[in-house]
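Please take these sequences and the hints and turn them into a complete structure.
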Amino acid sequence: MSGTRLQVGTAGSNPARWLGRVLAFTLIAFFVVFFVIPLGWLLVAPTKSTTQLYGLNGEQPFSFGSFDQLAENWNNLVAFQDGIIWTWLGNSVLYSGVALAITILVTIPAGYALAMTDFTFRRTLLVATLVVMLIPNTALVLPIFLELTVVRLIGSPLAVILPFSFFPFGVYLTYIYFSTTVSHDLLDAARIDGAGEFRVFWNIAVPLAIPVIALVGFFNFVGNWNNYFLPFIMEPGSRRMPVQVGLAELISNTPAFNPTNVASLTISLPQLALATIIAVAPVLIIFLFSQRFLVSGMTAGATKE
Amino acid sequence: MVLLLAFGIGPMLYALYLAFTKAGAFVGLDNFVKVFGDFRFFPAVQHVSAFVAIWLVSLIVFVLLLALVVHSVRVRWLSATSRFLFYIPGALAGSASVMLWLFMLDPSVSPVAVVLNQFGFTSFIQTVALGNLPVIFTVIAFWTGAGGWIIIMYGALNTISPDVMEAARIDGAGPVKIAWYIQIPLLRKWIAYMAIISLAAGIQLFVEPKILSLASRGVVPKDYSLNQLAYVFAFGSQADFNGSAAISILLLVVAMGLAAFFVFRGGLFERD
Numbered sequence: 001m002s003g004t005r006l007q008v009g010t011a012g013s014n015p016a017r018w019l020g021r022v023l024a025f026t027l028i029a030f031f032v033v034f035f036v037i038p039l040g041w042l043l044v045a046p047t048k049s050t051t052q053l054y055g056l057n058g059e060q061p062f063s064f065g066s067f068d069q070l071a072e073n074w075n076n077l078v079a080f081q082d083g084i085i086w087t088w089l090g091n092s093v094l095y096s097g098v099a100l101a102i103t104i105l106v107t108i109p110a111g112y113a114l115a116m117t118d119f120t121f122r123r124t125l126l127v128a129t130l131v132v133m134l135i136p137n138t139a140l141v142l143p144i145f146l147e148l149t150v151v152r153l154i155g156s157p158l159a160v161i162l163p164f165s166f167f168p169f170g171v172y173l174t175y176i177y178f179s180t181t182v183s184h185d186l187l188d189a190a191r192i193d194g195a196g197e198f199r200v201f202w203n204i205a206v207p208l209a210i211p212v213i214a215l216v217g218f219f220n221f222v223g224n225w226n227n228y229f230l231p232f233i234m235e236p237g238s239r240r241m242p243v244q245v246g247l248a249e250l251i252s253n254t255p256a257f258n259p260t261n262v263a264s265l266t267i268s269l270p271q272l273a274l275a276t277i278i279a280v281a282p283v284l285i286i287f288l289f290s291q292r293f294l295v296s297g298m299t300a301g302a303t304k305e
Numbered sequence: 306m307v308l309l310l311a312f313g314i315g316p317m318l319y320a321l322y323l324a325f326t327k328a329g330a331f332v333g334l335d336n337f338v339k340v341f342g343d344f345r346f347f348p349a350v351q352h353v354s355a356f357v358a359i360w361l362v363s364l365i366v367f368v369l370l371l372a373l374v375v376h377s378v379r380v381r382w383l384s385a386t387s388r389f390l391f392y393i394p395g396a397l398a399g400s401a402s403v404m405l406w407l408f409m410l411d412p413s414v415s416p417v418a419v420v421l422n423q424f425g426f427t428s429f430i431q432t433v434a435l436g437n438l439p440v441i442f443t444v445i446a447f448w449t450g451a452g453g454w455i456i457i458m459y460g461a462l463n464t465i466s467p468d469v470m471e472a473a474r475i476d477g478a479g480p481v482k483i484a485w486y487i488q489i490p491l492l493r494k495w496i497a498y499m500a501i502i503s504l505a506a507g508i509q510l511f512v513e514p515k516i517l518s519l520a521s522r523g524v525v526p527k528d529y530s531l532n533q534l535a536y537v538f539a540f541g542s543q544a545d546f547n548g549s550a551a552i553s554i555l556l557l558v559v560a561m562g563l564a565a566f567f568v569f570r571g572g573l574f575e576r577d
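Just so you know, the protein sequences line up as chains F and E, in that order.
Just so we're aligned: the first sequence equals residues 1 to 305 in the working numbering.
Just so we're aligned: the second sequence equals residues 306 to 577 in the working numbering.
Simulated from the structure, these hints should not be mistaken for laboratory data.
Glycine residues also receive a C-beta, built at the ideal position from the N, C-alpha and C atoms.
Please note: incorrect hints may appear among the correct ones.
Stated by the list, open to error - Partner residues are not named here, just some residues of chain E that face chain F (Cβ under 8 Å, in silico): (1) Leu435; (2) Ala506; (3) Ala550.
What follows is the structure in structure tokens.
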């Protein structure tokens with residue numbers, strides 16, 4: 001990468017500045033390598049056979065296998081338990097998709113109401129939202145499980161969809177958005193013109209809120225798709241798992257990690273790598289398409305682990 | 306609002322009820338006493354604290370360092386590309402990232418086998434020895450999560466007025482001094498936010514040890530972290546929902562305490 005200029009600052013003497021640039025560049029380079037190596041390896045791994053992956057014939061870790069091998073791995077993976085990976089993917093789409101719809105339907109009006117109207121307990125609700133928002137999702141998993149056991153929902157898709165739709169962070173984002181960017185005067189003007197409360201919300205507030213709706217949807221969908229703990233506990237039985245939980249299930253069918261396994265059809269390491277790619281593909285695609293807005297720093301304050 | 310009640314407050318109350326009762330009768334702190342007395346409880350606390358300590362320190366140091374350096378790069382494509390590359394592993398959260406790191410940690414297939422061998426690890430089982438786990442989980446968590454924080458810090462750095470920076474520069478401050486005396490103090494709120502969110506999330510450690518335990522045939526114990534122990538309580542041979550609820554409540558209290566502290570003291574949410 002010649003010709004790269006790092007202007008770290010204008011103060012300081014020349015050798016010091018030069019040293020600073022070299023240090024800065026080394027640091028970035030090191031971390032780029034750290035973040036990229038695993039990904040790069042993951043992308044080529046499924047094109048190899050197991051022996052090639054182990055490099056038994058001197059293959060380099062980043063060498064490309066062949067498309068035939070990729071096809072073979074693909075067929076093997078898809079044949080595993082009659083294509084259960086499609087069932088898992090379907091489950092993931094169902095759980096995250098329905099939850100996404102409910103989340104948008106619930107959080108946008110809720111955030112709007114908190115920001116734009118005045119009612120009793122408004123402040124209490126706001127503080128409750130903030131506190132619950134800062135609690136990590138996983139802390140609530142077992143309590144929710146215990147609760148849903150009482151109402152006998154465990155094992156039904158609702159046991160995952162309903163908790164997935166619970167997204168106080170989205171309410172908070174919407175609240176911030178409405179209270180900082182949409183003026184009360186605008187809404188009042190519409191009211192004077194004779195629009196009812198619902199029309200004001202639907203025809204004026206919602207179109208203005210498109211960016212924040214996208215943002216809420218993005219975080220909700222990505223978080224739910226990658227969630228492991230909650231569906232792992234709520235959906236026992238391999239036919240109901242989403243793909244993230246299914247991935248872990250595949251490990252127990254991989255002889256390399258579990259030599260005691262006696263199942264006739266097993267999963268090889270390259271196939272496991274392929275399954276990992278398939279499992280994250282939807283999220284990866286969303287990331288690639290939204291990269292401009294992700295990288296811009298617009299998301300400041302907008303992630304929750 | 307119904308959802309907030311049903312899945313935020315409802316479960317907490319019910320877990321509280323379970324934690325203080327047994328078979329429907331009020332037993333006071335018995336469940337907590339039993340959990341504290343369990344031989345697996347304190348090892349789990351130690352494991353989780355070791356991980357959280359290492360993770361928080363490295364997260365704060367490296368995220369700040371990288372955000373500051375990337376921010377000081379004036380070549381736009383370089384800055385944008387590195388931010389993007391830092392962030393993209395975030396797509397592989399949850400079990401997928403652990404899965405990928407299983408490969409990275411197995412010297413027989415890992416592309417960084419050389420590095421592992423340097424540390425004297427020649428097999429997967431050696432790599433995931435108990436003492437290495439806090440560092441391993443830190444690396445995994447950093448790989449997946451740090452990018453998001455780097456971008457947040459970068460965004461926050463952008464909000465610092467260029468005039469302030471310019472003034473300092475004219476006064477003869479170098480980039481290191483500017484970072485230390487101006488940028489980092491101005492980022493204090495964001496750093497606190499990151500630390501608290503990460504601390505609260507770190508205590509809940511579950512997926513990573515769970516999958517490593519699956520993959521290592523029990524070298525990584527299945528009750529390594531507190532959340533795993535709570536899971537073992539509820540779903541193991543004991544089917545002890547009360548004990549499980551007691552652990553959940555402990556974790557929840559810590560998380561809520563941190564959250565409340567931040568909401569009331571942090572001042573980040575003063576917009577109301």
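Going down the list of hints, with the structure as the test:
1. Leu435: Violated: closest Cβ of chain F sits about 18 Å from Leu435 (chain E), beyond 8 Å.
2. Ala506: holds (4 Å)
3. Ala550: With a closest approach of 6 Å, the Ala550 (chain E) hint holds.
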